[in-house]
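**Q** Sequence:
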Amino acid sequence: MQSKREAFPRFFFLSNDELLEILAQARRPQAVQPHLRKCFDNLVKLRLGDDARSADIHAMISGEGEEVEFYKVMKARGPVEKWLLEVEDHMVKSLQVVVKNGWKEYAMPSRKDWVANSKAQVVSCVSQIMWCSETEEVLHSDDPLNKMNDWFDKNVEQLSDLTALVRGKLSSIQRKSVVALAIQDVHNRDIVDELRKAQVTDVNNFKWQQQLKYYWDTDEDDCIIRQVDARIRFGYEYQGATSRLVITPLTDRCWLTITGALHIKLGAAPAGPAGTGKTESTKDLAKAIARQCVVFNCSDQIDYKMMAKLYSGVVTAGAWTCLDEFNRIDIEVLSVIAQQLLTIRVALLDGKSEFLFEGRVLKLKPTLGVFITMNPGYAGRTELPDNLKVLFRPVSMMVPDYTLIA
Numbered sequence: 228m229q230s231k232r233e234a235f236p237r238f239f240f241l242s243n244d245e246l247l248e249i250l251a252q253a254r255r256p257q258a259v260q261p262h263l264r265k266c267f268d269n270l271v272k273l274r275l276g277d278d279a280r281s282a283d284i285h286a287m288i289s290g291e292g293e294e295v296e297f298y299k300v301m302k303a304r305g306p307v308e309k310w311l312l313e314v315e316d317h318m319v320k321s322l323q324v325v326v327k328n329g330w331k332e333y334a335m336p337s338r339k340d341w342v343a344n345s346k347a348q349v350v351s352c353v354s355q356i357m358w359c360s361e362t363e364e365v366l367h368s369d370d371p372l373n374k375m376n377d378w379f380d381k382n383v384e385q386l387s388d389l390t391a392l393v394r395g396k397l398s399s400i401q402r403k404s405v406v407a408l409a410i411q412d413v414h415n416r417d418i419v420d421e422l423r424k425a426q427v428t429d430v431n432n433f434k435w436q437q438q439l440k441y442y443w444d445t446d447e448d449d450c451i452i453r454q455v456d457a458r459i460r461f462g463y464e465y466q467g468a469t470s471r472l473v474i475t476p477l478t479d480r481c482w483l484t485i486t487g488a489l490h491i492k493l494g495a496a497p498a499g500p501a502g503t504g505k506t507e508s509t510k511d512l513a514k515a516i517a518r519q520c521v522v523f524n525c526s527d528q529i530d531y532k533m534m535a536k537l538y539s540g541v542v543t544a545g546a547w548t549c550l551d552e553f554n555r556i557d558i559e560v561l562s563v564i565a566q567q568l569l570t571i572r573v574a575l576l577d578g579k580s581e582f583l584f585e586g587r588v589l590k591l592k593p594t595l596g597v598f599i600t601m602n603p604g605y606a607g608r609t610e611l612p613d614n615l616k617v618l619f620r621p622v623s624m625m626v627p628d629y630t631l632i633a
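Read left to right, the sequence shown gives residues 228 to 633 (this note's numbering).
It is worth saying that the hints were derived from the structure and are not from the lab.
Label pairs and their in silico Cβ distance ranges:
| no. | residue 1 | residue 2 | range |
| --- | --- | --- | --- |
| 1 | 588 | 533 | 19 to 29 Å |
| 2 | 530 | 384 | 53 to 63 Å |
| 3 | 453 | 563 | 28 to 38 Å |
| 4 | 376 | 533 | 54 to 64 Å |
| 5 | 613 | 458 | 26 to 36 Å |
| 6 | 612 | 433 | 26 to 36 Å |
| 7 | 368 | 533 | 48 to 58 Å |
| 8 | 367 | 410 | 24 to 34 Å |
| 9 | 533 | 613 | 22 to 32 Å |
| 10 | 364 | 390 | 17 to 27 Å |
Glycine included, every Cβ here is placed at the ideal spot set by N, Cα and C.
Given the sequences, and given the hints that come with them, work out the whole structure.
**A** Structural data, given as structure tokens:
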């Protein structure tokens with residue numbers, strides 16, 4: 228089972244029983260379908276060939292029913308871990324192709340038509356790339372102050388176009404896509420308003436640098452995300468037409484801390500009362516950069532072996548994990564966890580592609596991220612040991628401003 232997990236790292240996130248169930252039905256791709264949801268964020272089904280026994284896979288389908296064609300047909304042959312790894316590869320490459328095509332065809336013939344006819348994730352990612360590009364164009368222009376006012380008016384106009392579109396006749400997938408874009412556009416409008424009021428005229432101004440900015444890098448033929456010093460490659464984890472969080476100034480500050488922590492190979496530790504969006508903010512950032520995020524609820528029953536299995540998956544899959552209520556774990560276990568995380572960080576800082584972890588040589592993907600959330604001040608909570616504290620950047624979360632969300 229360990230060798231199967233090392234061949235397809237997402238198996239580390241499944242229990243032994245779940246993995247045995249998949250391996251028992253490995254010869255029939257149809258039988259593996261129900262388990263896809265456990266391995267991928269929102270890839271819940273594959274479209275197979277018309278024949279009942281067909282091994283051809285043509286497309287991936289999200290939980291909402293959105294379908295994305297694979298860039299080429301693949302065959303589900305051989306061991307299950309081998310073809311599931313191929314599905315993951317096809318997911319990434321196919322999304323990269325549709326995002327690139329969406330970028331080329333943006334606002335053709337109009338933005339409303341483009342939004343209605345594009346895949347939800349393409350709409351979200353490409354709109355951010357184009358908004359960022361147009362904002363920087365304004366900042367580079369001869370008269371940035373006046374042009375910023377015009378750009379603000381255009382942002383308001385685009386938002387009213389979207390509200391008109393929402394009131395029209397849309398399928399449920401299109402409606403989810405438009406609503407998610409409207410949430411994004413409201414935030415973008417507020418940023419432009421802030422830049423306008425602060426009379427920002429330079430792209431190096433911190434008010435602009437602190438934003439999560441998307442670029443299409445033509446040299447690398449890839450989408451790159453920047454925030455201050457951090458540079459993150461878009462992950463192409465298929466999200467489908469999922470809902471997005473309303474982005475408040477608190478969310479912005481949380482994301483700034485997380486991307487800054489990742490840049491220096493640390494984790495982040497949002498802490499605060501229940502219901503302040505600690506886990507959701509982390510998960511939404513993972514959605515924004517299309518990275519798989521595994522949420523793990525901690526308790527005093529957790530031992531270091533369970534955590535080693537989870538970290539093995541995170542490291543080899545290059546995924547993120549959000550460890551909820553981390554300070555419920557016993558102090559004896561936390562000190563071992565600190566050692567495990569330090570081993571991973573040292574390997575990341577050394578730029579290794581493989582490293583020794585808990586007696587096994589594992590592949591290391593530098594896109595990984597480990598985040599912990601804590602509810603301080605409750606009974607049964609442990610104070611984190613100092614050697615663990617230094618591996619996480621703290622983020623203080625407060626009750627959000629509900630008027631902004633409404």
